[in-house]
Amino acid sequence: MAALLLLPSVASGQFYFGKNKVQYQPFNWKVLATPHFRIYFYDQESDLAEIAAAAAEESYDLLADKFNHHIFRKIPLIIYSAPTFFTQTNVTPTLLPESVAGFTEFYKGRMVVPFNGSIADFQRVIRHELVHVFTFDKIPSVMSQHRKLSLYGPPLWFTEGLAEFWSREWDSEADMVMADMALEGNLRPIHELEYLSGTFFMYKYGESFCHFVADNYGEDKLQVIFDNWWKTKTFRQVFKLTVGKSLEEVGAEWVYHLKKKYFPELKDSDLPERVSTPLAEKLFAVKPLPLNITYRGASDWIAYKANKLGYSGLYMRSPSTDQEVTLVKGERSPAFESLHLLQSKISGTDDGRIVFVSKRYERDVLYVYNVFEEKITETFEFPKLYQLLSPTWSQDGKSIVFSGASTRGYHDLYLFSVVDSSLKRLTDDIYFDTEPVIDLDGSIVFSSDRCSFGYAGFSNLFRLSLADSTITPLTYGRFNDRAPFISEEGILFSSDRVGVTNTYLLKRGGGLHRVSNFATGAFDPCLHDGKLVFSGYQRFGFNLFSLPLDTTDLEEVQVEEPQYTLWSPTRLGGDEEEGVVDYANEFSFDIAQSAISYDAVFGTIGGFQAVFSDMLGNQMYYVLLSNSASEKSELLESFNVGVTYINKSHRINYGIGAYHLYDEHFDDYEGYYSERQSGVQGLVSYPISKFSRVETSMFARHSFKKRPLFQDERHAILATNYASIIHDNSLWDISGPLDGIRANATVGLTTDFYSGRIFNRLAFVDLRNYLRIRKYSAFATRAFGFISSGEEPQRIYLGGSWSLRGYDRREFYARKVLLFSNELRFPLIDNLFIGFPFGPVGFQAIRGALFFDAGSAWNDDFDRFYGSFGFGARVALGYMAVLRFDFSKKTDFQKLEPGMKFDFFFGWNF
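Take any residue in the sequence shown, note its place counting from 1, add 1024, and you have its number in the working numbering.
You may find that some hints are simply not true.
Okay, derived cross-link-like pairs now, EDC-like style, lysine to aspartate or glutamate, Cα gap no bigger than 20 Å in a straight line [unchecked claim]:
id, residue 1, residue 2
1, 1422, 1386
2, 1531, 1512
3, 1730, 1776
4, 1284, 1208
5, 1799, 1305
6, 1555, 1512
7, 1730, 1815
8, 1098, 1601
9, 1283, 1348
10, 1054, 1776
11, 1799, 1815
12, 1729, 1694
13, 1925, 1835
14, 1172, 1251
15, 1913, 1847
16, 1283, 1294
17, 1555, 1208
18, 1054, 1074
19, 1043, 1763
20, 1098, 1145
21, 1090, 1208
Ranges of calculated distance between the beta carbons of each label pair, as one might list FRET restraints [claimed, not checked]:
id, residue 1, residue 2, range
22, 1174, 1693, 50 to 60 Å
23, 1305, 1270, 41 to 51 Å
24, 1832, 1283, 28 to 38 Å
None of these hints come from the bench; they were simulated from the model.
Quantities reported herein were computed from a predicted structural model and do not represent experimental measurements.
Ideal Cβ positions, reconstructed from N, Cα and C, are used throughout, including at glycine.
Let the hints inform the model, and build the full structure from the sequences given.
Dropping the structure here:
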């Protein structure tokens, strides 16, 4: 137990369960110093470091003016050349989902930004994160100037909205989200925006509100809010003081403005569900692919990617027969860790071969799924490429063209021969070349930001000739022309050239024609049996739709003659660059805190904990200092001291430490006893993948144990070894796991160094399975077994809200334990608001549970099973904690005990 308190885990997922961060390859880190930043980068991304430095300094000058504030320290900026490397960062212990484009860590003020292939996006995210740095430097500075404590911060929707507002122009994506909100009647009043916290919609809501305030009350008001921070005690108060109206008043004006802006859109445009035929059930479905095959009696199959119940997968559907087939289940195993749901298209051949990209361990690979054989038949991996996007078959099915990136980060086009496994690089530059398709003449059509306005984040269509490698523009303008699809009529593609993204056709005979006109957007267009098939955005998500299409009767769009001029990003140089040095460990405080606890038997116990880490978070020191003395005379001898060093810079994570611990205990078998331990420890964790790992820990210590009840003392030099194998691919909602499997199998042995006597053997297995029923409903089962033996066997408690419900938390205490739990989890109340004098308090996602538990604990001879059943409620306090309310009935499987037992506890579901 002392070791558990002293030694935080080696890996980020290394608690009892948990997923893993895997350091697949080490990097040789460097540091580039500029007037206001320290840029941390590795050798392969040295060019990106120059671009990042220039973008950061330019953004600093802009934001220093907007905030009327300067930061008097060099700001750490850590960059990664690809999202796959970014997910390995140890700056945060949190597992980063694919949707995270960057983050700011506030202990050390670190900005962490990956490069996704687009230089414009890279520069924008740097500015976005820098807004956060300025925000949380400005507030303490203002409060300090007026000798006040900063006891509150701005709401998340405001900080993220402001970061969006000051880092980008209003674009078609923001229009799409806000138009959908307005037209579907889902605009929330400003005081409810906190319930969107953490969602993509929160960013767009906040951005829209900041635009409204700037346009109607002056952009300077957004800065003056921070200058006035010291004058009030809440964000609502400082907003009213600055703007002159309450947040609710301005929020109502903003909602009315959005209605006036978007309602007229329906005069000339439509919503996808109103005029199109849905092709899939209501889910997050994208990247449709018509298949020219006959399978299971149907010939209108459409393959697509979708997120169903939290996991992404590859599916196939026949609209005429309503058949649906699951081809690949993603995000449950290392082979299909990520299907890049929104970033990568899929492609098929007439003989039923579908090629798609998935992350497998450290890199992306190409998989070929054969529909008729119903399995993956081919896998293609490219050692020098880590990220792959949007593979497309050639007309003859012998080659695949795709976008790929090495550790440098830039996305180029590649042509791969399935016949002889040769790989040819088609482009080699800094531009984001993606979504390639092979035209009828063998040339390659693709989307790229190499266009004249690519520096601002726009992309146009281009044609690459394989005969002479020449590249010619097909479209031109400050638009995002994406997702080309080849047909006999021409090139179908999506574009935001008139507001939100819609579908256009570039005819072979010449001329650009508009195909769709939706108020909320149409993406990834393709043609199938004379119909337009697309992914349409409506009601907070994407779905697949089809629409009859007559290509001879389309509105022609006037365009400029295609042209382009290559551009180059600004790189830092001259006097602004202070030089590059090798990275050296720079340890500093992450957190230091005191800890006080009270025990009814032993009284008050106090202590101090501190964590030091280097700038990259790869190496850490954990320090523990506490005292368990109950009297002054015991003060010196009752100190607990521990120091642990953790290294997470390689795939094999390890830790070493030393400690001295003194504790007093009480249990039903040994009564009061004390134990003094001093020794060393080591632990090693090897993550097999994101979902599985093996761990081992070793302790060598001197142990002095006194048992007054038995009037004996024991000295021993003990060696303890533990080994575990852990698997976790569970999917959580706000109150606990809802899907997947969690498993932990551990064995341990404690022996005396000199005599070889076995002090303790132990083994336990904990298996948990979650069977999804609906989006927020699941049937959870748990089987747990524990056994320990030896001269000093370990005993554990059974009972309480987290184990055998209906029984007291310490009702059973033994060295052999069995526990079986079954629980039906379901939504109970979505939103509950309770009125208080200071205003309503809301609770979201209150979950219900019906449960049945059975378990037993014994030492020598098995007695009987004890059981309980009942119902409960789980009330989530954001993502910080869950309140557990359980009402249960006890049984010994012969009779029911009278009365109901009520339990209240904190904690997530098992």
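* Determine which of the earlier numbered hints do not hold for this structure and return their numbers in increasing order. => Violated hints (numbers, rising): 1, 9, 10, 11, 17, 20, 21 and 24; every other hint is consistent with the structure.
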